[in-house]
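Novice: Residue strings, one per chain:
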Amino acid sequence: MYAYDEYDQTFVEERVAQFRDQVRRRLSGELSETEFKPLRLTNGLYLQLHAYMLRVAIPYGTLSTRQLRRLGHIARKYDRGFGHFTTRQNIQFHWIKLEQTPDILAELAEVQMHGLQTSGNCIRNVTADQWAGVAADEIEDPRIWSEIIRQWSTLHPEFTFLPRKFKIAVTGSPNDRAAVKVHDIGLRMHKNDKGEIGFEVMVGGGLGRTPIIAKTIRDFLPKQHLLSYLEAILRVYNQFGRRDNIYKARIKILVHELGAARMAELVEAEWQQIKDGPLALSPDTVARIAAHFAPPAYADSPTFTPEFDALRLENAEFRRWLKANVAAHKRPGHAIVTVSLKPEGGVPGDMTADQMDAVADLADLHGMGEVRVTHSQNLVLPHIRRADLPALWRRLSELNLATSNINLVTDIIACPGLDYCALANARSIPVAQRITEKFNDLARVHDIGELKIKISGCINACGHHHVGHIGILGVDKNGEEFYQVTLGGSEELSASLGAIIGPALPADRIVDAVGNLVDTYVALRQDGERFLDTYRRVGIAPFKERLYAPA
Amino acid sequence: MPLLKNGAVAADPWHKIVNGEALPPDGPVILPFERWRAERETLLGRNTPLGVRLSNTHSVAELEPDLDRLEVIELEFPKFTDGRAYSQARLLRERYGYKHELRAVGNVLHDQLLFMQRCGFDAFEMEKADPVTAWQAGTSAFSVFYQPTGDGRAPVERRRAAGAKAV
Chain R
385 MYAYDEYDQT
395 FVEERVAQFR
405 DQVRRRLSGE
415 LSETEFKPLR
425 LTNGLYLQLH
435 AYMLRVAIPY
445 GTLSTRQLRR
455 LGHIARKYDR
465 GFGHFTTRQN
475 IQFHWIKLEQ
485 TPDILAELAE
495 VQMHGLQTSG
505 NCIRNVTADQ
515 WAGVAADEIE
525 DPRIWSEIIR
535 QWSTLHPEFT
545 FLPRKFKIAV
555 TGSPNDRAAV
565 KVHDIGLRMH
575 KNDKGEIGFE
585 VMVGGGLGRT
595 PIIAKTIRDF
605 LPKQHLLSYL
615 EAILRVYNQF
625 GRRDNIYKAR
635 IKILVHELGA
645 ARMAELVEAE
655 WQQIKDGPLA
665 LSPDTVARIA
675 AHFAPPAYAD
685 SPTFTPEFDA
695 LRLENAEFRR
705 WLKANVAAHK
715 RPGHAIVTVS
725 LKPEGGVPGD
735 MTADQMDAVA
745 DLADLHGMGE
755 VRVTHSQNLV
765 LPHIRRADLP
775 ALWRRLSELN
785 LATSNINLVT
795 DIIACPGLDY
805 CALANARSIP
815 VAQRITEKFN
825 DLARVHDIGE
835 LKIKISGCIN
845 ACGHHHVGHI
855 GILGVDKNGE
865 EFYQVTLGGS
875 EELSASLGAI
885 IGPALPADRI
895 VDAVGNLVDT
905 YVALRQDGER
915 FLDTYRRVGI
925 APFKERLYAP
935 A
Chain D
18 MPLLKNGAVA
28 ADPWHKIVNG
38 EALPPDGPVI
48 LPFERWRAER
58 ETLLGRNTPL
68 GVRLSNTHSV
78 AELEPDLDRL
88 EVIELEFPKF
98 TDGRAYSQAR
108 LLRERYGYKH
118 ELRAVGNVLH
128 DQLLFMQRCG
138 FDAFEMEKAD
148 PVTAWQAGTS
158 AFSVFYQPTG
168 DGRAPVERRR
178 AAGAKAV
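Line by line, the protein sequences are chains R and D. In terms of our numbering, the first sequence is residues 385 to 935. In terms of our numbering, the second sequence is residues 18 to 184.
Hints are not guaranteed to be accurate.
As the list claims (entries may be wrong) - Result set (SDA-like, lysine to any residue): computed pairs, CA atoms no more than 20 angstroms apart in a straight line: (1) R:K714 to R:F688; (2) D:K145 to R:L415; (3) R:K549 to D:K96; (4) R:K578 to R:P606; (5) R:K659 to D:R175; (6) R:K659 to D:D168; (7) D:K96 to R:T418; (8) R:K607 to R:P595; (9) D:K96 to R:I630; (10) R:K551 to R:A879; (11) R:K714 to R:I523; (12) R:K551 to D:T98; (13) R:K549 to D:R175; (14) D:K96 to R:K714.
Stated by the list, open to error - Chain R residues, not near chain D, derived (Cβ > 10 angstroms throughout): (15) L605; (16) D693; (17) E754; (18) D831; (19) L881; (20) A935.
Note that these hints are calculated values from the structure, not bench results. By construction, the Cβ of each residue, glycine as well, lies at the ideal position given by its N, Cα and C atoms.
With the hints as constraints, model all of the structure from the sequences given.
Specialist: Here it is in structure tokens:
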């Protein structure tokens, strides 16, 4: 994985010193809260309902075990002993004291981390496929390009006061695991007719109160032009994006108002002026970055061992875990393991400091010392020897981190909701917890199959409800929590937005409603159909009819 | 309002013409862009230094024919969070080769000076009581820069490449 050199390290230390001075000016009264707010936000520090929240960037979701242990240490020393992994592959600490934040950032800088660009109207922390570099279906490692984007976007002097926040996601696989079509820019690596690898460039995707699927403005961008093309898009957006209305300021509205063809013309015209300038990527630069992502020194490992075979035969839960949480790796004898942060009754994405330390130990012991964060709020151990899977599973089970539910009904994405967030209309976490309690029979969960439930506590859609197979949106009706249900959303390359099924439901009916929708699917499904497939075949009517049928 | 140039408070000999104001017979003047556009022919015949104040919704390309003649261009930050003038500044410097004074006006704050400087501004009107201290703190906070811009600072990638060659 990427390791800072002296320049990166100097930069992040200078950033801590700058923020320490800004906090000092705030605490002494030299800066008002109004003046301080944008400064703290660009360092990831929010003021929420009960306390400050610090969001720490995890670039494209990659963590070393040293970094994960440091996050655990911060949770223990400065927070309440846990952290919350987010849909942007970051981590949030929800109970932070302002005066301690410079020290926290200094401790993070020691392990090459920071809170930079996790907030504010700038280019946010870039996200990528959590299986980058190890997925069997990968065309090229998106981390190389994500790191190049990370450096280019770091305190970009022209693009730090954009009309609105700006999110870029990269995938190097035909099976998109980075939800690139719901980002401001989505980059998909693919091969053209000549066998060259480049990027399909999509712009103007996003969720929030106006969900839109991104449009392709360039089918194939040669790799050396990545930064000049991004700069051209951002320059067009910075000049023409709306600033009169915060709800119309994202690039998706500009693309929608101009049309994708006109947007492409403006970007291409700007790009022609700068494509062969200093942003053109030299082979040396790319090679220098790519060297950081060379595969680790894998030892030969058998695909099966007697212990593995025996456990698989005798233990149904181990079989389910292999099926749901273990994926094919590029390298024979190895596997990609997803650590579920969605146990029964748990808060999606929450992890205790002790669990962080324990997972770091496991990654060092079995997995080349590397950990990833997924946008669905789980962790990944990307390089596990298959022979070690039984031992790993046993230990993860002891830690309550081996729930065999990845991409299944209880692998729920949820925003922090009204338990923490000042913007929320309703709670998200308790709804997620109650759904996991309702579906606590893992045999049944596996029988139901792939089903992605996503819950947002307000229309800002941090829980991605628009692209949930079942989406749940918290709304406020005269001071009471209600939940609006959508069906048929998807964030994959065949992306779609969910359709509203009918009137919002009160809090005490929402969990049974999910049960009702699942029962309808199970009754209607044909061979091998997932929930989404059945929905796309039969439409919303049968689901609606049964959900709102008089008791 | 103090004018900062090269980190020091500088004298400001320029007279800013407001809408409808008659031009003084001589002396350097800065005109709103609309006035400049309307009276361009006459103004170009004037034997005194000329400047233009361009709002952040105009294209800098409109000034291209006159960049040799203009000795000040003012770009506006109506709020510090409105970053359009950063793009205007880079285009003026890097695309159109504007060489004279590029002045940031409006909500110009301590913590944005470095971004402005990197985009090509070299003069700053600041409300701050102690602009020189703000300048020093604001522009010296970082020694490492990741983007190539027209300000002449070597981006990290060039320093890395030079280091790699030196080894």
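Novice: The structure should be examined with respect to each hint, and the outcome stated for every one.
Specialist: Now the hints, each set against the structure:
{"no.": "1", "hint": "R:K714 to R:F688", "in the structure": "16 angstroms, holds"}
{"no.": "2", "hint": "D:K145 to R:L415", "in the structure": "12 angstroms, holds"}
{"no.": "3", "hint": "R:K549 to D:K96", "in the structure": "17 angstroms, holds"}
{"no.": "4", "hint": "R:K578 to R:P606", "in the structure": "12 angstroms, holds"}
{"no.": "5", "hint": "R:K659 to D:R175", "in the structure": "18 angstroms, holds"}
{"no.": "6", "hint": "R:K659 to D:D168", "in the structure": "19 angstroms, holds"}
{"no.": "7", "hint": "D:K96 to R:T418", "in the structure": "13 angstroms, holds"}
{"no.": "8", "hint": "R:K607 to R:P595", "in the structure": "29 angstroms, violated"}
{"no.": "9", "hint": "D:K96 to R:I630", "in the structure": "14 angstroms, holds"}
{"no.": "10", "hint": "R:K551 to R:A879", "in the structure": "17 angstroms, holds"}
{"no.": "11", "hint": "R:K714 to R:I523", "in the structure": "11 angstroms, holds"}
{"no.": "12", "hint": "R:K551 to D:T98", "in the structure": "18 angstroms, holds"}
{"no.": "13", "hint": "R:K549 to D:R175", "in the structure": "29 angstroms, violated"}
{"no.": "14", "hint": "D:K96 to R:K714", "in the structure": "51 angstroms, violated"}
{"no.": "15", "hint": "L605", "in the structure": "19 angstroms, holds"}
{"no.": "16", "hint": "D693", "in the structure": "50 angstroms, holds"}
{"no.": "17", "hint": "E754", "in the structure": "24 angstroms, holds"}
{"no.": "18", "hint": "D831", "in the structure": "50 angstroms, holds"}
{"no.": "19", "hint": "L881", "in the structure": "30 angstroms, holds"}
{"no.": "20", "hint": "A935", "in the structure": "52 angstroms, holds"}
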